[in-house]
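Undergrad: One-letter residues, chain by chain:
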Amino acid sequence: MSTAEFEKSVVALENEFAKAAEIRPIELETRDVSVWFNTRKVLEGVNMQFEKNTVTALIGPSGCGKSTFIRTLNRLHELLPGAALAGEVLYEGKDIYGPTVDPVHIRLNIGMVFQKPNPFPSMTIRGNVLSGLKLSGMKRSNHDELVEQTLTSAGLWNEVKDRLDHAAGELSGGQQQRLVIARALAVNPHVLLMDEPCSALDPASTLKIEETIRELSKDITIVIVTHNMQQAVRVADNTAFFLAAEGEPGHVVEQGKTTDIFGNPQDQRTLDYVNGRFG
Amino acid sequence: MATPDLQQRDLQAAATSHRGDRVFNRAITVAAFVSLIILAGIAVFLGAQALPVFQELGFSFLTTTAWDLTTDPVSVGIFGMLYGSILLSVVALVIAVPASLLLSIFIVFLAPKKLASVLTNSIDLMAAIPSVILGLWAFYVLNPQADEWQRLLNEYLGWIPFFENASGNFLGTPFIAGFVLAIMVIPITTSVTREVLGRTPPDLINAAEALGCSLWTMLRYVALPYGRGGIVGGVMLGLGRALGETIAVFFVLKLVYDTNWYHVIESGGGSVATLIVSRFGEASGPFEVQLLLAAGFFLFLMTLIVNMIANLIVSRTGRLKK
Numbered sequence: 001m002s003t004a005e006f007e008k009s010v011v012a013l014e015n016e017f018a019k020a021a022e023i024r025p026i027e028l029e030t031r032d033v034s035v036w037f038n039t040r041k042v043l044e045g046v047n048m049q050f051e052k053n054t055v056t057a058l059i060g061p062s063g064c065g066k067s068t069f070i071r072t073l074n075r076l077h078e079l080l081p082g083a084a085l086a087g088e089v090l091y092e093g094k095d096i097y098g099p100t101v102d103p104v105h106i107r108l109n110i111g112m113v114f115q116k117p118n119p120f121p122s123m124t125i126r127g128n129v130l131s132g133l134k135l136s137g138m139k140r141s142n143h144d145e146l147v148e149q150t151l152t153s154a155g156l157w158n159e160v161k162d163r164l165d166h167a168a169g170e171l172s173g174g175q176q177q178r179l180v181i182a183r184a185l186a187v188n189p190h191v192l193l194m195d196e197p198c199s200a201l202d203p204a205s206t207l208k209i210e211e212t213i214r215e216l217s218k219d220i221t222i223v224i225v226t227h228n229m230q231q232a233v234r235v236a237d238n239t240a241f242f243l244a245a246e247g248e249p250g251h252v253v254e255q256g257k258t259t260d261i262f263g264n265p266q267d268q269r270t271l272d273y274v275n276g277r278f279g
Numbered sequence: 001m002a003t004p005d006l007q008q009r010d011l012q013a014a015a016t017s018h019r020g021d022r023v024f025n026r027a028i029t030v031a032a033f034v035s036l037i038i039l040a041g042i043a044v045f046l047g048a049q050a051l052p053v054f055q056e057l058g059f060s061f062l063t064t065t066a067w068d069l070t071t072d073p074v075s076v077g078i079f080g081m082l083y084g085s086i087l088l089s090v091v092a093l094v095i096a097v098p099a100s101l102l103l104s105i106f107i108v109f110l111a112p113k114k115l116a117s118v119l120t121n122s123i124d125l126m127a128a129i130p131s132v133i134l135g136l137w138a139f140y141v142l143n144p145q146a147d148e149w150q151r152l153l154n155e156y157l158g159w160i161p162f163f164e165n166a167s168g169n170f171l172g173t174p175f176i177a178g179f180v181l182a183i184m185v186i187p188i189t190t191s192v193t194r195e196v197l198g199r200t201p202p203d204l205i206n207a208a209e210a211l212g213c214s215l216w217t218m219l220r221y222v223a224l225p226y227g228r229g230g231i232v233g234g235v236m237l238g239l240g241r242a243l244g245e246t247i248a249v250f251f252v253l254k255l256v257y258d259t260n261w262y263h264v265i266e267s268g269g270g271s272v273a274t275l276i277v278s279r280f281g282e283a284s285g286p287f288e289v290q291l292l293l294a295a296g297f298f299l300f301l302m303t304l305i306v307n308m309i310a311n312l313i314v315s316r317t318g319r320l321k322k
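Line by line, the protein sequences are chains A and B. Counting in the UniProt record's numbering, the first sequence runs from 1 upward without gaps. Counting in the UniProt record's numbering, the second sequence runs from 1 upward without gaps.
Treat each hint with caution, since some may be false.
What the hints assert, rightly or not - Simulated coverage check for chain A against chain B, where a stretch passes if three residues somewhere in it have a Cβ under 8 Å from a Cβ of chain B:
(1) 67–80
(2) 112–118
(3) 133–139
(4) 209–223
Calculated directly from the structure, the hints in this document are not laboratory data. Even glycine gets a Cβ: it sits at the ideal position worked out from N, Cα and C.
Could you put together the complete structure from these sequences and hints?
TA: In structure tokens:
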């Protein structure tokens, strides 16, 4: 083997390794998930993979089943009347709908932030952060440290550190939403689902939450439903485009790297949607 | 103020310029005042009757327990009766509040829709049972049953002062009367607590579910604290009902002119309303009637205060509009 040949193969190997490093393990995966409310099918055959410590945005017009979909990812869907599901949702390789799986365990590992900020009004700021421990019966030591750490992660610590014992209702909408994020983080989830977390917020608060999302994605996997195309571009590594034809269940039209979905979509409908031509 | 030349226009007059509105507004206002006048009328009438009694007997009317008009001066006081009314109400609430809470939790969070509406309707219907029917039922059906229950309580829990019984007589006890009252309180309290719990914002329930709650922890940390004010209001409304109830208690309580402090399964107790109904027909003269009306005045005062507190609590939470 000549030196040139050798160097070439070394470069090839290096490239190979670099590629391998880019491929992250799959944290969460859905296989052929279909969803019903009573006899109405709202989602059909959704296959998605969520890589560890990435942000995935789910975009698409209203009523295409995005919110329903993320509720299937931590077993909140089943709490609605008439809810049914087919297919599998794998978390760390195991089916979360398996017969021996405790839904509480799943919901603690896969947290959720909702559209409207919903801190518990009867609790203090500190109480809200720690509420998950009480609600789930989870034990974690050193509450003070936990409160500081999660509020810092949620980008709220400096604003509230002097009034932890005040009612959560005193905070502004954007602050409440960050409090809710801290509350979700306090039970130490590996995945955080966010259902249009900024739709009720002003642009400045939205920007803060987006910063928080980027920061959090270093340690946890995030799935975010959004109607804001720019938001998807700003925060998401990957994007999936959902669509439901009139009277048909929703499905994934296209998914991939955010840059590809917005820059070079393969499907005409995706192109139209991301360019604001419908939806 | 800086521009005094600006003429303010009368928007209020413009807003009520529609004739139909004006007539309707007046009618409503009059109706509202009529109910106030009736309330004030009752208070004044009873107060006027109570005044001479109070002048003659002073505070001893409220602090002693006796009903003897044969002596001179008469020895009359309603302390035991007032206290008895409260004791019966407490017994009633101890039974009714947990029952109502559990019922409404079941209806709101657990029962399938159809069962929930059947339950809701039938419990509301319970409120429609005339108290005299409940009294008769208690006299003939509940009495022999409750006799057994109380014997069991006494046998196994007799070491608790409440369940002492020295006489061996288990009929006509505050427990039985309180039990009947509980049956009358349950529909009221249940309907309020059900309403309050049913209005727990779905957002908050969602949040709790996403944090891995169980039904118990969700109730404990979210739904009950959220509805606390309304629930307390419902309990107070039930209490108002229990304090004033007359005829059902008359059938089952052995009225004694003595203060039964806490022996709830000991025969004999007091109740202002029952005192009035049992003495009124055979009152020895106008003075005894006056005494009974004075007793009524203080009962009225007591229930009024309870209801006012209830309304205050309910309106403070601002969630129950009726």
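Undergrad: Hint by hint, say whether it matches the structure.
TA: Checked hints:
no., hint, verdict
1, 67–80, "holds (count 3)"
2, 112–118, "holds (count 4)"
3, 133–139, "holds (count 5)"
4, 209–223, "violated (count 0)"
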